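2 protein chains.
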Amino acid sequence: MNRPRPVEKMVGIIKKLPGVGHKMAERLSYHILKMPQVEVDRLIDSIQNARRTMKCCSICCNLSEHDPCPICSDVTREKNIVCVVETPQDLIAVSKVEDYKGLYFVLGGALSPLDAVGPDDIRIDKLIKRLKRDSINEVIIATDADSKGEITAVYLADIIKILGIKVTRLGYGLPVGGDIEYADEITISRAIAGRKEM
Amino acid sequence: MNRPRPVEKMVGIIKKLPGVGHKMAERLSYHILKMPQVEVDRLIDSIQNARRTMKCCSICCNLSEHDPCPICSDVTREKNIVCVVETPQDLIAVSKVEDYKGLYFVLGGALSPLDAVGPDDIRIDKLIKRLKRDSINEVIIATDADSKGEITAVYLADIIKILGIKVTRLGYGLPVGGDIEYADEITISRAIAGRKEM
Numbered sequence: 001m002n003r004p005r006p007v008e009k010m011v012g013i014i015k016k017l018p019g020v021g022h023k024m025a026e027r028l029s030y031h032i033l034k035m036p037q038v039e040v041d042r043l044i045d046s047i048q049n050a051r052r053t054m055k056c057c058s059i060c061c062n063l064s065e066h067d068p069c070p071i072c073s074d075v076t077r078e079k080n081i082v083c084v085v086e087t088p089q090d091l092i093a094v095s096k097v098e099d100y101k102g103l104y105f106v107l108g109g110a111l112s113p114l115d116a117v118g119p120d121d122i123r124i125d126k127l128i129k130r131l132k133r134d135s136i137n138e139v140i141i142a143t144d145a146d147s148k149g150e151i152t153a154v155y156l157a158d159i160i161k162i163l164g165i166k167v168t169r170l171g172y173g174l175p176v177g178g179d180i181e182y183a184d185e186i187t188i189s190r191a192i193a194g195r196k197e198m
Numbered sequence: 001m002n003r004p005r006p007v008e009k010m011v012g013i014i015k016k017l018p019g020v021g022h023k024m025a026e027r028l029s030y031h032i033l034k035m036p037q038v039e040v041d042r043l044i045d046s047i048q049n050a051r052r053t054m055k056c057c058s059i060c061c062n063l064s065e066h067d068p069c070p071i072c073s074d075v076t077r078e079k080n081i082v083c084v085v086e087t088p089q090d091l092i093a094v095s096k097v098e099d100y101k102g103l104y105f106v107l108g109g110a111l112s113p114l115d116a117v118g119p120d121d122i123r124i125d126k127l128i129k130r131l132k133r134d135s136i137n138e139v140i141i142a143t144d145a146d147s148k149g150e151i152t153a154v155y156l157a158d159i160i161k162i163l164g165i166k167v168t169r170l171g172y173g174l175p176v177g178g179d180i181e182y183a184d185e186i187t188i189s190r191a192i193a194g195r196k197e198m
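If you read the sequences in order, they're chains A and B.
Residue numbering for the first sequence follows the UniProt record's numbering, beginning at 1 and increasing consecutively.
Residue numbering for the second sequence follows the UniProt record's numbering, beginning at 1 and increasing consecutively.
Since the hints were made in silico from the structure, they are not lab data.
A hint or two may mislead.
Put simply, identical chains are the same to the list, so a pair is met inside one copy or across any two.
[To be verified] Below 25 Å or equal to it, Euclidean Cα-Cα: the simulated SDA-like pairs (lysine to any residue) are:
1. Lys148 <-> Ile44
2. Lys34 <-> Ser95
3. Lys55 <-> His22
4. Lys34 <-> Tyr100
5. Lys9 <-> Asp90
6. Lys132 <-> Leu114
7. Lys101 <-> Cys72
Predicted model, so just to flag it, every value in this text is computed and none were measured.
From just these sequences and the hints, can you work out the full model?
Shown next, in the form of structure tokens:
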């Protein structure tokens with residue numbers, strides 16, 4: 001017997017979600033079929049509600065219920081420093097560091113020549129317009145420490161420096177609590193380059 | 001900044017799905033927020049459609065668009081032999097073996113004293129009623145080869161034998177293509193006990 005068509009269809013659609021393989025999609029589908037109706041309604045409502053209420057902040061492109069988002073409309077924050085991140089998730093991670101009191105900008109991805117993601121596919125134009133409009137002294141580039149994040153950082157640094165704005169990048173080194181034995185060579189090499197006098 | 005409330009809620013609900021941890025729920029939630037509306041509609045429709053159209057077959061408790069399901073209503077199948085499985089997924093796995101032409105029964109789980117799942121929590125009563133009503137000669141127990149499946153098989157065998165019906169269990173042994181070096185001791189011991197003359 002083949003799986004009934006409606007289940008097959010659900011499995012096929014759930015399988016397209018990131019990090020979900022075929023077996024996982026089957027497991028989720030059969031679980032959803034067994035869930036009480038009220039829980040399924042709650043799942044669907046939460047998706048539809050989040051989709052309906054979340055907006056892209058017109059200043060920093062962060063996801064928020066309000067436009068401008070709470071960070072951009074917070075008058076106590078330093079307005080002349082912007083931290084550039086790839087995604088709203090990255091913004092939340094950085095914002096947990098209370099030392100940083102500046103603003104943000106969410107690129108919506110990173111440059112990736114191999115995946116044909118170029119400067120027009122992420123919000124570089126919007127960032128540059130904002131930097132030209134507002135009086136920004138420093139841009140901290142907080143893209144991921146992988147090759148895409150690195151390419152994006154170098155590209156951004158080049159075009160932002162032309163505007164006469166200071167550009168910095170998050171420091172590389174051993175993660176706190178990290179074990180040197182298990183650190184990769186590139187991280188150790190960067191940690192040596194970034195060594196501090198004690 | 002904390003995550004916006006609607007996103008937090010969606011993450012919390014998605015996290016309850018089986019095999020989905022916190023990080024995975026975050027990843028899925030942000031992906032769903034970025035998906036085109038038409039894809040979100042397709043996802044939700046597939047869930048609602050499967051929930052609406054899938055019924056529990058009144059004879060074998062398999063999930064099906066029709067009641068009785070295609071297997072129970074197939075006149076060419078042997079009506080006097082029933083294969084008992086835990087879930088509809090297990091039924092599909094067994095039904096791919098074309099040698100077996102009998103019927104099925106889906107228990108909807110396995111006995112698990114540790115999780116307080118007793119005989120009343122799975123469809124043992126319904127199975128016994130069916131065995132008493134229809135003229136069944138043999139019940140093949142195809143519960144999982146883990147401890148819950150084993151407990152369930154022993155329990156079922158005891159009460160089915162009282163009805164004068166032959167009870168068999170799927171054979172244990174090395175999986176085809178399996179490497180003896182990596183097989184566990186219990187599997188090898190069962191394979192020896194189940195050895196066949198060549």
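Checked hints:
1. Lys148 <-> Ile44: neither (34 Å within a copy, 33 Å between copies)
2. Lys34 <-> Ser95: between (39 Å within a copy, 21 Å between copies)
3. Lys55 <-> His22: Classified as between: cross-chain Cα gap 23 Å, same-chain 32 Å, threshold 25 Å.
4. Lys34 <-> Tyr100: Close neither inside one copy (46 Å) nor across copies (27 Å); limit 25 Å.
5. Lys9 <-> Asp90: Only across copies: Lys9 and Asp90 sit 19 Å apart there, 33 Å inside one copy, limit 25 Å.
6. Lys132 <-> Leu114: neither (30 Å within a copy, 65 Å between copies)
7. Lys101 <-> Cys72: within (11 Å within a copy, 67 Å between copies)
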